[in-house]
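J.: Sequence:
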Amino acid sequence: MGQPQIRTSGIVDVTFGERVSVVQPVNLYGCTIGDDCFIGPFVEIQRGVVIGKRCRIQSHAFLCELVAIGDDCFISHGAMFINDLFATGGPAKGRPDLWRSTRIGSHVSVGTNATILPVVICDHVVIGAGAVVTKDIKESGIYAGNPARLMRRIGAQSR
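Residue numbers (the working numbering): 7 to 165.
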């Protein structure tokens, strides 16, 4: 009978801003986390991810490589960010050149169990729980569903 390779989670090569709170266990490596952020337990934030100031990343969220998040964002429990679109019909094993980036603006809230594919999301957006974002979001508003669609505009233009 074989023996498993045991790996540990932890915090390695992370650039932290001031007053950051992290609840362990987490798996954070090679990322940048801005001032006054909160990182909940069971979160993985991979290499190269940049998180702005005053963000809250709740438990069980997964932020893969090539994700950038603006300031004052909320990423709820179980939110998943995807960078591999299976362009060759399967995982891009050993082919990070096939991965795509995700850019999240400021003042964005991502609901519980939402899935964010490689997209650009503008400022002042709410992504509903369980939504699947498959296309860029260029207008502030509340988005929900699979695929995510604009439900209601928010901000100055909705008044």
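Where hints are given, some of them may not hold.
Between beta-carbon pairs, the in silico distance windows are [what the hints assert, rightly or not]:
hint, residue 1, residue 2, range
1, 65, 36, 14 to 24 angstroms
2, 93, 44, 29 to 39 angstroms
3, 98, 36, 46 to 56 angstroms
If you're looking for bench data, these hints aren't it; they were derived computationally from the structure.
Keep in mind it's a predicted model, so treat the numbers as computed, not measured.
The C-beta atom is built at its ideal place from N, Cα and C for all residues, glycine as well.
J.: Now look at each hint and say whether the structure bears it out.
T.: Comparing the hints with the structure gives:
1. At about 21 angstroms, the beta-carbon gap between residue 65 and residue 36 stays in the expected band of 14 to 24 angstroms.
2. Against the hinted window of 29 to 39 angstroms, the Cβ-Cβ separation of residue 93 and residue 44 comes to about 35 angstroms, which satisfies the hint.
3. Hint check: residue 98 to residue 36, Cβ distance near 19 angstroms, so the stated range 46 to 56 angstroms is violated.
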